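Undergrad: Sequence:
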Amino acid sequence: MSIYKVHNKMIYWRPNTIALISFYTAIFAAYLGTSLISMIFASVAIFLTFRRQNISIGQSFALLLFLIFVGASLILSENNVAVLKNHRFYFGFILYYFMLRAYTFDKYVSAKFFRFICYTIIVETVLVNTMISPELLPNYPIESGLETSSVLFGYIRPMSFTGNASMSATMLVVMYYIVKTVHPGTLKMKDNVLMFINIILFMSGTGFAIYLFSIAIMFLKSRTLKIRFYIILFLTIVVSYFSFYDFSYIQKLSPAYYYHVISKKLKIGEDIYYEGRTLDNMLFGEQLVLDAPATSGDYGWNIFITVEGFIGVTIFIFLIFAFIQKKSSMKFPILLMLVGALHYPGIFTQAGQLLFAYALSVKKIKYIKQEV
329 MSIYKVHNKM
339 IYWRPNTIAL
349 ISFYTAIFAA
359 YLGTSLISMI
369 FASVAIFLTF
379 RRQNISIGQS
389 FALLLFLIFV
399 GASLILSENN
409 VAVLKNHRFY
419 FGFILYYFML
429 RAYTFDKYVS
439 AKFFRFICYT
449 IIVETVLVNT
459 MISPELLPNY
469 PIESGLETSS
479 VLFGYIRPMS
489 FTGNASMSAT
499 MLVVMYYIVK
509 TVHPGTLKMK
519 DNVLMFINII
529 LFMSGTGFAI
539 YLFSIAIMFL
549 KSRTLKIRFY
559 IILFLTIVVS
569 YFSFYDFSYI
579 QKLSPAYYYH
589 VISKKLKIGE
599 DIYYEGRTLD
609 NMLFGEQLVL
619 DAPATSGDYG
629 WNIFITVEGF
639 IGVTIFIFLI
649 FAFIQKKSSM
659 KFPILLMLVG
669 ALHYPGIFTQ
679 AGQLLFAYAL
689 SVKKIKYIKQ
699 EV
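Residue numbers (the working numbering): 329 to 700.
If you're looking for bench data, these hints aren't it; they were derived computationally from the structure.
As the structure is a computational prediction, the values presented were derived from the model and not from experiment.
One or more hints might be untrue.
Stated by the list, open to error - Computed Cβ-Cβ distance ranges for the label pairs, DEER-style:
1. K516 / V398: 38 to 48 angstroms
2. A544 / I648: 19 to 29 angstroms
3. V451 / F389: 17 to 27 angstroms
4. N609 / K516: 27 to 37 angstroms
Unchecked claim - Keeping only pairs whose Cα atoms sit at most 25 angstroms apart, straight-line, the calculated PhoX-like set for lysine-lysine is:
5. K413 / K440
6. K516 / K435
7. K518 / K549
8. K508 / K654
9. K691 / K440
10. K549 / K659
11. K654 / K435
12. K516 / K549
13. K435 / K659
14. K655 / K549
15. K516 / K691
16. K435 / K655
17. K518 / K435
18. K691 / K508
19. K508 / K549
Idealized CB from N, CA, C, for every residue including glycine.
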């Protein structure tokens, strides 16, 4: 049996077929048109590793609070099915967390896998703009039409592995920095170019913002003069390009578009606080009175707070602090996911839940492969 033995004498098991099926069907859930397959296999994988699950006191307490919250919301709600679907969407990362912590997936979250995702995005872009009607693909929003993905002279953006161009762009940037952290030095300059091409293909305001935000943070963190020079040069070119050209005819590149979006996001209080909202509704969320699950929209955190209430948000924060590793080197990818959700809730998609859980469960450790 093959295992991975860590320097600190902890042993992490190689993922079995069941765990790998859950992993890949979560990443590509949008293409499959369902998240149920991944969650079923994740549940089985957790059951098989139940004896290896070492849950801390803090984690146990956080899980107990979550279960009490779920039970109370079901008792108070008018539609239990909708409430359960909401909890699955916003707290689904809990399931993946306990699967990922029982195995070592570092081998699979690799530079090769990142490149594969990038190539699938390029292929999808070519196909939906040439020979395949997007309505035939399960990862395209048929109910809202193609106006959500057509932004430039009939160009159709790839929805990719989250089912939304903006969320896929955010998760792609997150995946890049996760791979860069887990496997230092494996991502080359060609991978930077590949990611940049994909961000352009997504034509997403959120994607551009997260991408530039990540570069700016890397500049602040970098101690290498050469890297700082290239980052300054790149940002200078981008700023100059936006300054001298009129992008009013391309919404996602227009400064007016970003001003409009930011102004809208700053009015979060108007959506959360309104006349007539009851105390239990504010504490447990609007899910108590909704007839259907509320898992979509263009302001992730606003939707989350409105639907799950202040108790749900508090438990979510508590779970993050209870789950994240003390010596975690994944704080930056986690930050990108949290910031990205200021617009679309990419962190709550199936792929987002998996990457979020992975970032919470991993710390920077060098592995030695041994055969036992």
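Undergrad: Now, for every hint given, state plainly whether the structure supports it.
TA: To see whether the hints hold, each was checked on the structure:
K516 and V398 have their C-beta atoms about 45 angstroms apart, which keeps the hinted 38 to 48 angstroms range intact. Checking the proposed 19 to 29 angstroms range against A544 and I648 shows it holds: the Cβ atoms sit about 24 angstroms from each other. As the Cβ distance of V451 to F389 is approximately 46 angstroms, the hint placing it in 17 to 27 angstroms is violated. In this structure the hint that N609 and K516 lie 27 to 37 angstroms apart at CB is violated, the actual value being about 52 angstroms.
Taking the CA atoms of K413 and K440, the gap is near 34 angstroms; set against the 25 angstroms cutoff, the hint is violated. Between the alpha carbons of K516 and K435 the distance comes to roughly 18 angstroms, so the proposed pair stays at or under 25 angstroms and holds. Distance hint between K518 and K549 is fulfilled; the C-alpha atoms sit about 22 angstroms from each other, no more than 25 angstroms. With a CA separation close to 20 angstroms, the supplied pair K508 and K654 stays within the 25 angstroms bound.
Between K691 and K440 the alpha-carbon distance is near 21 angstroms, which keeps this suggested pair within the 25 angstroms criterion. Among the hinted pairs, K549 with K659 is consistent with the structure: their alpha-carbon atoms are about 13 angstroms apart, no more than 25 angstroms. In summary, the hint linking K654 to K435 is supported, as the alpha carbons are separated by about 22 angstroms, within the 25 angstroms threshold. For the proposed pair K516 and K549, the alpha carbon gap of about 19 angstroms is at most 25 angstroms, so the pair holds.
The hinted pair formed by K435 and K659 meets the criterion: a straight-line CA distance of about 20 angstroms does not exceed 25 angstroms. Distance hint between K655 and K549 is fulfilled; the C-alpha atoms sit about 18 angstroms from each other, no more than 25 angstroms. Restraint check for K516 and K691: the C-alpha separation of about 22 angstroms stays at or below 25 angstroms, so the hint holds. For the hint linking K435 to K655, the alpha-carbon distance of about 20 angstroms falls within 25 angstroms, and the restraint holds.
Restraint check for K518 and K435: satisfied, since their Cα atoms lie roughly 21 angstroms apart, inside the 25 angstroms limit. For the hint pairing K691 with K508, the CA-to-CA distance comes to about 13 angstroms; that is within 25 angstroms, so the pair holds. Distance check on the hinted pair: K508 and K549 sit about 14 angstroms apart at the alpha-carbon level, within 25 angstroms; holds.
Comparing the model with each numbered hint stated earlier shows that hints 3, 4 and 5 do not hold.
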